[in-house]
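In order, the protein sequences belong to chains A and B. Heads up, the numbering used here is the position in the first sequence plus 731, with the first residue counted as 1. Heads up, the numbering used here is the position in the second sequence plus 4, with the first residue counted as 1.
What the hints contain is simulated information worked out from the structure, not anything from laboratory work. Don't take each hint at face value.
What the hints assert, rightly or not - Taking lysine-lysine pairs in the DSS-like style, the calculated list, with each CA pair at most 30 Å apart, reads: (1) A/874 / A/857; (2) B/25 / A/848; (3) A/874 / A/848; (4) A/761 / B/25; (5) B/18 / A/762.
As the list claims (entries may be wrong) - DEER-style ranges, computed between Cβ atoms: (6) B/23 / A/761: 23 to 33 Å; (7) B/8 / A/850: 33 to 43 Å; (8) B/23 / A/830: 29 to 39 Å.
Idealized CB from N, CA, C, for every residue including glycine.
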Amino acid sequence: MWPDERVVRFVNENFLAARVHPRETPDLFKKYSERYSAQWTPIVLALDPERAEHSRIEGFLPADDFLGQLMLGWARLAFDAGQWAEAERRYREIVETLPNTDAAAEALYWAGVAPYKGTGDPKSLKATGEAFKQRYQTTAWAKKASVWT
Amino acid sequence: MPITFRSDVDQVLKDAKTQQKPVLLDFNAAPM
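Chain A extracted, bound-state conformation (with noise of 0.2 Å):
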């Protein structure tokens, strides 16, 4: 997954990048381990420059994936912040580029609640309900937007 040039120069575009290993930095990895309670590995967080966590990814997954899974955490940095209008941009390209992957529902299920955060305007949610209609009918994200419509 690393090894992956889109996940790179993702990575190398939009975050910082450190590493603990259990074996090389034993004094880092338990100092962190024990403050993020990663009781695994790999785990890969997303934190914000407070040092506040906003995703985790645990586990290892095939390129697409965690490619979809860091761009998840890129936006969900931008939702949390309240940058609604970034963080739908972020949420749609998700789904635009690795349509075929976990996160696609994901993000298409906040890049519905992103704006109606921003507008207060519920026509995002009606929409994107009417969306998992047509694709992720069997996810989680569909259910859960199956309310708006």
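For this one, chain A is given, so just place chain B on it according to the hints.
For chain B alone, coordinates are given in the frame of chain A:
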């Protein structure tokens, strides 16, 4: 070009605050 993973996590977190940039923190036990 590989990802530039740094092991000086304390400094990375300080740099993140200065640069207002998010951090990807990888807990990884694979051979390095």
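Each hint tested on the structure:
Between residue 874 of chain A and residue 857 of chain A the CA atoms are separated by roughly 13 Å; this keeps the pair inside 30 Å, and the hint holds. For the proposed pair residue 25 of chain B and residue 848 of chain A, the alpha carbon gap of about 24 Å is at most 30 Å, so the pair holds. Between residue 874 of chain A and residue 848 of chain A, the direct Cα distance comes to roughly 20 Å. Compliance with the 30 Å bound is thereby established for this hinted pair. Between residue 761 of chain A and residue 25 of chain B the CA atoms are separated by roughly 24 Å; this keeps the pair inside 30 Å, and the hint holds.
With a C-alpha separation of about 16 Å, the suggested pair residue 18 of chain B and residue 762 of chain A falls inside the 30 Å cut-off, and the hint holds. For residue 23 of chain B and residue 761 of chain A, the Cβ-Cβ distance of about 27 Å falls inside the hinted range of 23 to 33 Å, so the restraint holds. In this structure, residue 8 of chain B and residue 850 of chain A meet the distance hint of 33 to 43 Å, their C-beta atoms being roughly 39 Å apart. Our hint of 29 to 39 Å for residue 23 of chain B and residue 830 of chain A holds, since their Cβ atoms are close to 33 Å apart.
Of the numbered hints stated above, none is contradicted by the structure.
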